[in-house]
Structures are given as C-alpha cells and as structure tokens.
Amino acid sequence: MLEEVKFKVLRYDPDKDGKKRFQEFRVPIRKGMTVLQGLLHIKEKIDPTLSIRFSCRMATCGSCGMMINGLPRLACYTLIEELKTRTVVVEPLRNFPIVKDLVTDFEEFFNKHRSVKPYLIRIDTYVQEKSNTMYLQSDEELVRYVQFAYCIKCGLCYAACPVVATDKTFLGPQALAQAYRYYADSRDEAGVDRLKPLGDGSSLLRCHFAASCSQVCPKGVDPALAIQLLRKEVLLRS
Amino acid sequence: MSTLLTALRTWLVPFRYGLERWSYTMQRISGVVIALYFVMHVASTGQVVGGPSVWTLPPYEYAKQVWLETKEFLANPLFDAGLVVLAFMIFFHSINGVRLVLAHFGLILKKPTRPEYPYHPGSMSRIQRVIFWVSVALATAALVYSLDVFFKVLQP
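So the protein sequences, as listed, match chains A and B.
Our numbering puts the first sequence at residues 1 to 238.
Our numbering puts the second sequence at residues 239 to 394.
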C-alpha cells in the first residue's frame with residue numbers, strides 16, 4: 001500500500017464561473033516523487049481538466065513555477081517528502097495574472113525583461129552580426145556577471161517580491177538582475193546608456209531590499225545582490 | 239484581492255522569506271510609525287491646543303497654561319507606552335537604515351561568484367547580519383531604558 005498525501009489545488013476557469021476555489025485530491029506517493037509528478041498523477045488519473053505548465057522536468061526551462069505551501073517554487077524541483085507535511089497546497093504564482101488553474105500569464109514579466117535590452121550592445125554591430133569574431137574575456141571578467149546569467153526566467157523572484165505585489169511599474173528582480181548582468185559584461189559597450197532609463201523613481205529605486213527574490217531563486221542567481229550593485233552604479237554614475 | 243490587502247499582506251507577513259524580509263517589514267512599520275509620531279508631535283505641541291499664536295503673542299501666562307494642559311493631557315500610561323515602543327523603533331530604523339544605505343552603495347555586499355549548491359545569497363552578507371542584530375540589540379536596550387524611565391521597571 002502506497003502512502004498518500006492530500007493535494008489542495010487552486011482551481012480557476014474564466015470560461016466557467018470565474019471563481020477561485022480549492023479542490024482536494026488524494027495522491028499516492030513514492031520516494032523521490034516531486035510535486036510536478038503529483039500534479040501529473042492528478043491530471044492523468046483523476047481530473048484531466050487540471051491545467052499545468054511544464055516542460056523539462058529538471059529545473060532548466062523554468063515553466064513549472066507555482067506557490068507550493070505558500071512559497072514560490074519549481075514543482076519539478078520540489079520533493080513532496082521535503083515539504084514534511086501531509087497536505088500539499090498548490091496555487092498559481094503570485095503577482096502574475098492567472099490564465100487557468102496553475103497557469104499564469106508571463107506577458108508583463110517578459111515585457112519588463114525585454115525593456116532592459118537583455119543582449120550585448122556593441123559599437124561594431126556590423127562585425128558582431130556578420131563575422132565570427134570572438135570577444136575574449138578573462139575569468140575575472142566572467143565572474144563579475146556569470147552568476148546572474150544563470151537566470152531561467154521562472155518568475156519565482158517576481159512572485160516573492162513585496163514591491164511588485166503593489167507597484168506594477170517596478171521592473172522587478174528578474175529584469176533588474178539581467179540589466180546588471182549585461183552592464184557588468186566586459187563585452188558590452190552600452191555603458192551608462194543602460195543606466196539612464198533606470199534612474200527614475202520606480203524602475204529600480206523602488207527596490208526596498210527585502211531580498212526575498214534571492215531566497216527563492218532555484219539557480220542561486222541572487223537578484224537582490226545584482227540590484228544593489230546596479231543601484232550603486234546608478235547612484236554614482238548615471 | 240484588493241491592492242490594500244495585498245500591501246498589508248506583503249508588508250506585515252515576513253514569515254518564511256528569511257532575515258532580510260523581517261528587516262524589510264520592521265523597517266517599513268517603524269518608518270510609518272515614526273512619521274505618524276512626528277505629525278502628532280508637531281500637531282499636539284503647536285496646533286491642537288490653542289494654535290500657533292499662543293507661543294508668540296502676549297500674555298505669555300496663557301502660553302504657560304496651554305503648555306501645562308498639554309503636558310497633563312499627555313501624561314498617561316497609554317502615551318508613555320507609545321513612547322517606549324517609539325524608542326525601539328527609532329533606534330532600529332536609524333541603525334538598520336545605515337546598513338541599507340551602505341548596501342545601496344555596494345559597500346557591505348559580497349562579490350558575485352559562481353553559484354554552487356546549496357546557494358547562500360551574498361546580498362545578505364555576514365557584516366549585514368551583524369549590523370541588523372546590532373540594531374535590534376540597541377533598540378531593545380533603548381526599549382528597556384525607556385520602560386525604566388516611564389514605568390520604573392528596573393528600580394527596586
């Protein structure tokens with residue numbers, strides 16, 4: 001006889017009644033089972049109408065972010081046994097509009113990501129696009145930004161941020177960490193032009209350094225560190 | 239959920255996000271309380287009882303009377319308890335605020351490194367944790383001192 005846990009899953013369907021409610025499922029578990037596997041069990045064996053977004057199942061694609069027992073986590077990266085509870089409460093990510101059940105809308109999140117120009121800006125654009133020239137970098141230059149390049153855009157930091165919760169004009173930890181990631185890259189030549197749009201009152205300076213983003217990041221990116229380093233640059237240079 | 243409820247939940251519920259979220263919540267609450275205190279302080283001494291003219295126009299006996307009435311009004315345990323809490327908040331807010339300013343200028347942060355599991359965010363460095371706990375300790379000392387001033391808790 002397999003052990004069972006109770007899954008309390010938030011259900012929401014705008015095409016039906018549009019009301020949010022919790023639905024309970026009993027799921028048999030085995031050692032090493034993840035929350036995503038539990039949800040897939042529900043979808044395959046109990047209720048095929050449950051909507052989930054997932055892809056790689058190995059914490060690389062960043063698709064399966066959701067609130068699990070009150071914290072933003074990747075469902076594929078969270079073992080049921082590590083939660084140490086008989087009830088697993090699963091809700092869609094906070095600070096994102098809900099599309100259906102556990103699926104959230106990332107449009108605003110990706111728009112903010114795009115707004116910081118997350119790509120190398122070079123003066124020699126012709127050489128950059130037409131040739132196979134390599135831009136060499138020392139190990140010290142790499143270490144200045146590589147931590148922030150591990151971001152998988154899962155949105156957990158965005159869901160944990162108390163400022164994003166009440167101020168949608170704030171760019172959020174993910175976009176700001178990426179702004180610093182490219183600013184600190186020795187191959188990038190945009191320089192202070194990257195800082196100028198961040199000098200207003202809301203884009204960057206609304207960060208109150210709650211550092212919840214860094215607590216929940218599944219890849220060790222530490223957006224709070226990137227934001228403080230970026231703020232220093234904005235305060236001193238732009 | 240309305241924006242107000244979301245704001246209250248994110249401000250006032252620091253659980254499970256680590257020490258820095260506690261710092262955030264306490265800094266915000268103490269900031270609001272200190273700002274409200276300043277407004278009430280100015281209002282009570284300058285506006286509420288008699289208006290600003292009593293301090294500048296003769297007869298000055300009237301100003302003295304107003305001053306004594308105000309002191310009498312404020313001399314009750316409720317206001318004293320408020321000042322005790324305020325002492326804690328002023329000390330915490332100012333010292334923790336210095337930590338935040340230093341962090342904003344990148345002075346007490348760890349350098350970026352290659353992330354290695356288990357991850358330990360460098361944003362909340364050891365020196366920052368020390369300053370945070372120093373601010374809590376000094377604020378607690380201020381609270382105990384003010385408790386003694388107003389309620390004589392340390393005197394036999």
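If you're looking for bench data, these hints aren't it; they were derived computationally from the structure.
If you're wondering where the values come from, they're calculated on a predicted model, not measured in any experiment.
Backbone N, C-alpha and C define an ideal beta-carbon position, used for all residues, glycine too.
The reader is advised that the hints may include incorrect statements.
Said to hold, decoys possible - Coverage of chain A stretches by chain B, computed from C-beta distances (three or more under 8 Å per stretch; other residues unrestricted):
| no. | segment |
| --- | --- |
| 1 | 36-45 |
| 2 | 111-119 |
| 3 | 162-169 |
| 4 | 215-222 |
What the hints assert, rightly or not - Cut-off 20 Å, straight-line C-alpha distance, at most; resulting in silico cross-link-like pairs (EDC-like, lysine to aspartate or glutamate):
| no. | chain 1 | residue 1 | chain 2 | residue 2 |
| --- | --- | --- | --- | --- |
| 5 | A | 117 | A | 47 |
| 6 | A | 45 | A | 4 |
| 7 | B | 349 | A | 233 |
| 8 | A | 100 | A | 141 |
| 9 | B | 349 | A | 139 |
| 10 | A | 31 | A | 4 |
| 11 | A | 6 | A | 82 |
| 12 | A | 31 | A | 13 |
| 13 | A | 45 | A | 3 |
| 14 | B | 349 | A | 47 |
| 15 | A | 19 | A | 47 |
| 16 | B | 348 | A | 141 |
| 17 | A | 153 | A | 107 |
| 18 | A | 6 | A | 107 |
| 19 | A | 100 | A | 167 |
| 20 | A | 84 | A | 140 |
| 21 | A | 153 | B | 318 |
| 22 | A | 8 | A | 82 |
| 23 | A | 45 | A | 24 |
| 24 | A | 6 | A | 91 |
| 25 | B | 348 | A | 193 |
| 26 | A | 153 | A | 129 |
| 27 | A | 16 | A | 141 |
| 28 | A | 6 | A | 47 |
| 29 | B | 348 | A | 13 |
| 30 | B | 349 | A | 105 |
| 31 | B | 348 | A | 4 |
To see whether the hints hold, each was checked on the structure:
1. 36-45: violated (count 0)
2. 111-119: Check failed, 0 qualifying residues.
3. 162-169: Satisfied; 3 residues make the cut.
4. 215-222: holds (count 7)
5. 117(A) x 47(A): With a Cα-Cα distance of about 41 Å, the restraint between residue 117(A) and residue 47(A) is violated, given a limit of 20 Å.
6. 45(A) x 4(A): holds (14 Å)
7. 349(B) x 233(A): holds (14 Å)
8. 100(A) x 141(A): violated (43 Å)
9. 349(B) x 139(A): holds (14 Å)
10. 31(A) x 4(A): holds (12 Å)
11. 6(A) x 82(A): holds (15 Å)
12. 31(A) x 13(A): Status violated; Cα separation ~33 Å.
13. 45(A) x 3(A): holds (17 Å)
14. 349(B) x 47(A): Violated - the C-alpha atoms of residue 47(A) and residue 349(B) are around 48 Å apart, more than 20 Å.
15. 19(A) x 47(A): holds (18 Å)
16. 348(B) x 141(A): With Cα atoms ~16 Å apart, residue 348(B) and residue 141(A) stay inside 20 Å; holds.
17. 153(A) x 107(A): Judged against 20 Å, a Cα distance of about 12 Å means the pair holds.
18. 6(A) x 107(A): Measuring from Cα to Cα gives roughly 32 Å; hence the hint is violated.
19. 100(A) x 167(A): violated (23 Å)
20. 84(A) x 140(A): With a Cα-Cα distance of about 41 Å, the restraint between residue 84(A) and residue 140(A) is violated, given a limit of 20 Å.
21. 153(A) x 318(B): violated (51 Å)
22. 8(A) x 82(A): Holds, because 17 Å separates the two Cα atoms, which is no more than 20 Å.
23. 45(A) x 24(A): Measuring from Cα to Cα gives roughly 14 Å; hence the hint holds.
24. 6(A) x 91(A): Cα-Cα ~14 Å, so holds.
25. 348(B) x 193(A): Violated, at about 26 Å.
26. 153(A) x 129(A): violated (26 Å)
27. 16(A) x 141(A): Distance ~54 Å between residue 16(A) and residue 141(A) Cα, so the pair is violated.
28. 6(A) x 47(A): Holds: residue 6(A) and residue 47(A) sit about 15 Å apart, inside 20 Å.
29. 348(B) x 13(A): violated (45 Å)
30. 349(B) x 105(A): Roughly 34 Å between the alpha carbons, so the hint for residue 349(B) and residue 105(A) is violated.
31. 348(B) x 4(A): Answer violated: residue 348(B) to residue 4(A) is near 44 Å, above 20 Å.
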